[in-house]
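Chemist: Residue strings, one per chain:
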Amino acid sequence: MMEGSDDGPDFLSEEDRGLRAINVDLQTDAALQVDISDALSERDKVKFTVHTKSSLPNFKQSEFSVVRQHEEFIWLHDSFVENEDYAGYIIPPAPPRPDFDASREKLQKLGEGEGSMTKEEFTKMKQELEAEYLAIFKKTVAMHEVFLCRVAAHPILRKDLNFHVFLEYNQDLSVRGKNKKEKLEDFFKNMVKSADGVIVSGVKDVDDFFEHERTFLVEYHNRVKDASAKSDKMTRSHKNVADDYNRIGSSLYALGTQDSTDICKFFLKVSELFDKTRKIEARVSADEDLKLSDLLKYYLRESQAAKDLLYRRSRSLVDYENANKALDKARAKNKDVLQAETTQQICCQKFEKISESAKQELIDFKTRRVAAFRKNLVELAELELKHAKGNLQLLQSCLAVLNGDT
Amino acid sequence: MAAEREPPPMGEARPAELEELEDGEDLFTSTVSTLESSPSSPEPASLPTEDLSTNSNGPKPAEMIDDDREDLFAEATEEVSLDSPERDPILSPEPTPAITPVTPTTLVAPRMESKSGTAPAGFDKSREEIEEEANGDLFDIEINVSDPEKVGDGMNAYMAYRVTTKTSISMFHQSEFSVKRRFSDFLGLHSKLATKYMHIGYIVPPAPEKSIVGMTKVKVGKEDSSSTEFVEKRRAALERYLQRTVKHPTLLQDPDLRQFLENSELPRAVNTQALSGAGILRMVNKAADAVNKMTIKMNESDAWFEEKQQQFENLDQQLRKLHASVEALVCHRKELSANTAAFAKSAAMLGNSEDHTALSRALSQLAEVEEKIDQLHQEQAFADFYMFSELLGDYIRLIAAVKGVFDHRMKCWQKWQDAQVTLQKKREAEAKLQLANKPDKLQQAKDEIKEWETKVQQGEKDFEQISKTIRKEVGRFEKERVKDFKTVIIKYLESLVQTQQQLIKYWEAFLPEAKAIA
Numbered sequence: 001m002m003e004g005s006d007d008g009p010d011f012l013s014e015e016d017r018g019l020r021a022i023n024v025d026l027q028t029d030a031a032l033q034v035d036i037s038d039a040l041s042e043r044d045k046v047k048f049t050v051h052t053k054s055s056l057p058n059f060k061q062s063e064f065s066v067v068r069q070h071e072e073f074i075w076l077h078d079s080f081v082e083n084e085d086y087a088g089y090i091i092p093p094a095p096p097r098p099d100f101d102a103s104r105e106k107l108q109k110l111g112e113g114e115g116s117m118t119k120e121e122f123t124k125m126k127q128e129l130e131a132e133y134l135a136i137f138k139k140t141v142a143m144h145e146v147f148l149c150r151v152a153a154h155p156i157l158r159k160d161l162n163f164h165v166f167l168e169y170n171q172d173l174s175v176r177g178k179n180k181k182e183k184l185e186d187f188f189k190n191m192v193k194s195a196d197g198v199i200v201s202g203v204k205d206v207d208d209f210f211e212h213e214r215t216f217l218v219e220y221h222n223r224v225k226d227a228s229a230k231s232d233k234m235t236r237s238h239k240n241v242a243d244d245y246n247r248i249g250s251s252l253y254a255l256g257t258q259d260s261t262d263i264c265k266f267f268l269k270v271s272e273l274f275d276k277t278r279k280i281e282a283r284v285s286a287d288e289d290l291k292l293s294d295l296l297k298y299y300l301r302e303s304q305a306a307k308d309l310l311y312r313r314s315r316s317l318v319d320y321e322n323a324n325k326a327l328d329k330a331r332a333k334n335k336d337v338l339q340a341e342t343t344q345q346i347c348c349q350k351f352e353k354i355s356e357s358a359k360q361e362l363i364d365f366k367t368r369r370v371a372a373f374r375k376n377l378v379e380l381a382e383l384e385l386k387h388a389k390g391n392l393q394l395l396q397s398c399l400a401v402l403n404g405d406t
Numbered sequence: 001m002a003a004e005r006e007p008p009p010m011g012e013a014r015p016a017e018l019e020e021l022e023d024g025e026d027l028f029t030s031t032v033s034t035l036e037s038s039p040s041s042p043e044p045a046s047l048p049t050e051d052l053s054t055n056s057n058g059p060k061p062a063e064m065i066d067d068d069r070e071d072l073f074a075e076a077t078e079e080v081s082l083d084s085p086e087r088d089p090i091l092s093p094e095p096t097p098a099i100t101p102v103t104p105t106t107l108v109a110p111r112m113e114s115k116s117g118t119a120p121a122g123f124d125k126s127r128e129e130i131e132e133e134a135n136g137d138l139f140d141i142e143i144n145v146s147d148p149e150k151v152g153d154g155m156n157a158y159m160a161y162r163v164t165t166k167t168s169i170s171m172f173h174q175s176e177f178s179v180k181r182r183f184s185d186f187l188g189l190h191s192k193l194a195t196k197y198m199h200i201g202y203i204v205p206p207a208p209e210k211s212i213v214g215m216t217k218v219k220v221g222k223e224d225s226s227s228t229e230f231v232e233k234r235r236a237a238l239e240r241y242l243q244r245t246v247k248h249p250t251l252l253q254d255p256d257l258r259q260f261l262e263n264s265e266l267p268r269a270v271n272t273q274a275l276s277g278a279g280i281l282r283m284v285n286k287a288a289d290a291v292n293k294m295t296i297k298m299n300e301s302d303a304w305f306e307e308k309q310q311q312f313e314n315l316d317q318q319l320r321k322l323h324a325s326v327e328a329l330v331c332h333r334k335e336l337s338a339n340t341a342a343f344a345k346s347a348a349m350l351g352n353s354e355d356h357t358a359l360s361r362a363l364s365q366l367a368e369v370e371e372k373i374d375q376l377h378q379e380q381a382f383a384d385f386y387m388f389s390e391l392l393g394d395y396i397r398l399i400a401a402v403k404g405v406f407d408h409r410m411k412c413w414q415k416w417q418d419a420q421v422t423l424q425k426k427r428e429a430e431a432k433l434q435l436a437n438k439p440d441k442l443q444q445a446k447d448e449i450k451e452w453e454t455k456v457q458q459g460e461k462d463f464e465q466i467s468k469t470i471r472k473e474v475g476r477f478e479k480e481r482v483k484d485f486k487t488v489i490i491k492y493l494e495s496l497v498q499t500q501q502q503l504i505k506y507w508e509a510f511l512p513e514a515k516a517i518a
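From first to last, the protein sequence lines stand for chains A and B. Heads up: the first sequence is residues 1 to 406, going by our numbering. Heads up: the second sequence is residues 1 to 518, going by our numbering.
Please note that a few of the clues may not be correct.
[As the list claims (entries may be wrong)] Using 30 Å as the maximum straight-line C-alpha spacing, the simulated BS3-like pairs for lysine-lysine come out as follows: (1) B/Lys-308 - B/Lys-321; (2) A/Lys-265 - B/Lys-491; (3) B/Lys-438 - A/Lys-276; (4) B/Lys-472 - B/Lys-486; (5) A/Lys-119 - A/Lys-265; (6) B/Lys-334 - A/Lys-389; (7) A/Lys-233 - B/Lys-308.
[To be verified] Which bits of chain A does chain B cover? Going by a derived footprint, with three or more residues having C-beta under 8 Å, they are: (8) 216 to 227; (9) 380 to 386.
Since the hints were made in silico from the structure, they are not lab data. All residues carry an ideal CB built from backbone N, CA and C; glycine is no exception.
With the hints as constraints, model all of the structure from the sequences given.
Modeler: This is the structure we're talking about:
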């Protein structure tokens, strides 16, 4: 299907350089544009419609769509990770598995408790849960899309054969999920890797740049992890407060409809206020989640991918040094020298190739990171302002009515 | 001026006094009177739940033992939480009257046989005048409870609160004065007021609740935030309690209340201790009352009462639900505050390790903003609690008092019915004696009939009176309730407004910082 897709046409290189500066969720290159145009949630499967627009000759058509599931994204990601040629690049982190379990549980509990609450309450809660479900759904679509965009934006990865198959092959890729044996293998591989990582990280790097990057990334990764967790908790608390406003609004409504004195109008107005203000509080929570928590979570994964790159480089450095030692030994014994020389040369090339691309990748990582943070922090502040102003207006107009009445 | 009364003599002189006062000064009611003059009447059962028949009708044996038991618990402090309302203070003939009988003019007359001895001194103003003064612009009294101060050490320690009164009402000796009171003093005051007024239909605001855990922590001297919070919560509750009490025009006239506000020294109300003999008696009587309540089946001739009772029942339920939701809100907001603070610290750390200078600065700014916001959330949580949640809690307890008053009316009705039944029996007995022709016993029977006829009359009058009082009280209560809720909820909404305004300020300051990331 694809021939010689590894050496793409040269005219891409200028655009490549431009693309390197984009932040996470931008794609402007006409040569290859990927997005998720639709998604369907079926039971516990989500089906994404991946839509591609491309002027590249590799593809049969200039615009086409396929349906993919989460496992196929993972397969693509893993194929990158396992590909030795890509050892020198930051592999875009895989999207997390769509997780509707919590939401589904809540909907189920609601269904069970239907008899114990009033009709209004039930409808209200159902709407809320459905909105939650929708939000989670949108998020998982966004995260899968970001992964594809990152791949499409990467000058080397976008040319990958598997990627093109992923985009174009309109049959099921039959990527079965890893079976138990393979999962176990993965587990061991990871253990070895972390143990190895510890050993390898002990090797001091001659290159200042990489030494600095390593120290920076390790610390940064940990702190992002912490910030991400705390941000999650904060967002959840916000949501709890919004939920409480909901219940308070309902209780006030009940009071207003039952009271015999002239305070009932008062209660009804305040109940209305709580309902409206709750919607705003819920939006605040959702926006914080999106702009802050998700941002931090993404950079948690990306910083891990960057760490992995550094690990691979260190690994290849160790291999290179070992090959050097082997060569020296071989020369001393004057046995298998040619073979040792070849091995050494390969290791040297590999190391240098990785180092070169790694340097560029890490610089790009920083640029992307700064741009993404800037965008999200600005949007966060703007949204917080918008919501606070909305809230303020609601409260003030309600107070005006209440004070006018009394 | 209130005529200070001698403590009523312990029972001997009673019958004579009864006759005297029968058509006595109208507006006099003795605090110490019971409704029954007959010693054989089952006093505890027919008296209002909270207050047992007070003192001067012959101290019941239990109350004598009281003094001994008091000593046992003298070291203990009052904060034992059994939620039985306070027992009546001491009946022993001390120089300082434990209960000052109510001076005339303040109470409408259930003409109870007042056992309290001497006729009331004339009061200057008529009752109506005073109530007008209370309701009109001359009604000006402001109470503050402040400066909680720990007195003493260890388990004997207690908190003393300063009660400051500012008023222009002439009844008080000064226009501004303050005294030091402890929690049991407040409970004692409530106990006295409840005893005097609840069984004739007045809604007496309930005192704040006791709490063993809270007070023990304070005593032990734990200077942590939860014990300061506890003290603050209690101080605010005591203030609201007094403010509600003085708003009631009838209660405002009460000499015990005046004494509470004015006197620098107050006899210690030890009978408020739950573990005292009085406390145990309280519990027993409360149980007895609960049983009795279930067995009284009243023929309600007045639909108004039934309606109102139902309304209060509904209101009670709704308020409890709302209260639970607001308590959840307080809890979650406190959590939000804590989580925001944690995030702020984490963001600061992240900013430190970020090696791009502009982004690093922006992250530190974000951390600062979040820290300020966490403070904001804390303050809002306080407002949530002290304004909204406590208001609801207060009204839930107030409604319990209202229900209590309705129960008293039922008991009053029951007494009236019982009197009628007894009268009937006496009449039958007399008829029998007539036939049997025993002239000496006949006279006695006729006397008894006369006695019971009076009682029936009195019972009917009492019942009408309590019904009338309750109607008025409920009207007043509803008006107060509407005003209270409106005021507090508007204040609470204003606190929400403030929070939003602050939020806007903080984020507006941060936005340029975020945009400055190059």
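Chemist: Would you mind marking each hint as holding or not holding in the structure?
Modeler: Each hint, compared with the structure:
Restraint check: the Cα-Cα separation between B/Lys-308 and B/Lys-321 comes to about 20 Å, which is no more than 30 Å; the hinted pair holds. With a CA separation close to 17 Å, the supplied pair A/Lys-265 and B/Lys-491 stays within the 30 Å bound. Our distance criterion of 30 Å between C-alpha atoms is broken by B/Lys-438 and A/Lys-276, whose separation comes to about 85 Å. A C-alpha spacing of about 21 Å is found between B/Lys-472 and B/Lys-486, which places the hinted pair at or below 30 Å, so the restraint holds.
Distance restraint check for A/Lys-119 and A/Lys-265: the Cα-Cα separation of roughly 22 Å lies within the 30 Å cut-off, and the hinted pair is therefore satisfied. With a CA separation close to 23 Å, the supplied pair B/Lys-334 and A/Lys-389 stays within the 30 Å bound. Between the alpha carbons of A/Lys-233 and B/Lys-308 the distance comes to roughly 47 Å, so the proposed pair goes past 30 Å and is violated. Look at the stretch 216 to 227 of chain A against chain B: 7 of its residues bring a Cβ nearer than 8 Å to a Cβ of that chain, three or more, so the hint holds.
Given a C-beta distance limit of less than 8 Å, the hint that chain B covers the stretch 380 to 386 of chain A holds, as 5 residues qualify and 3 suffice.
Violated hints, listed in ascending order, are 3, 7; each of the other numbered hints is respected by the structure.
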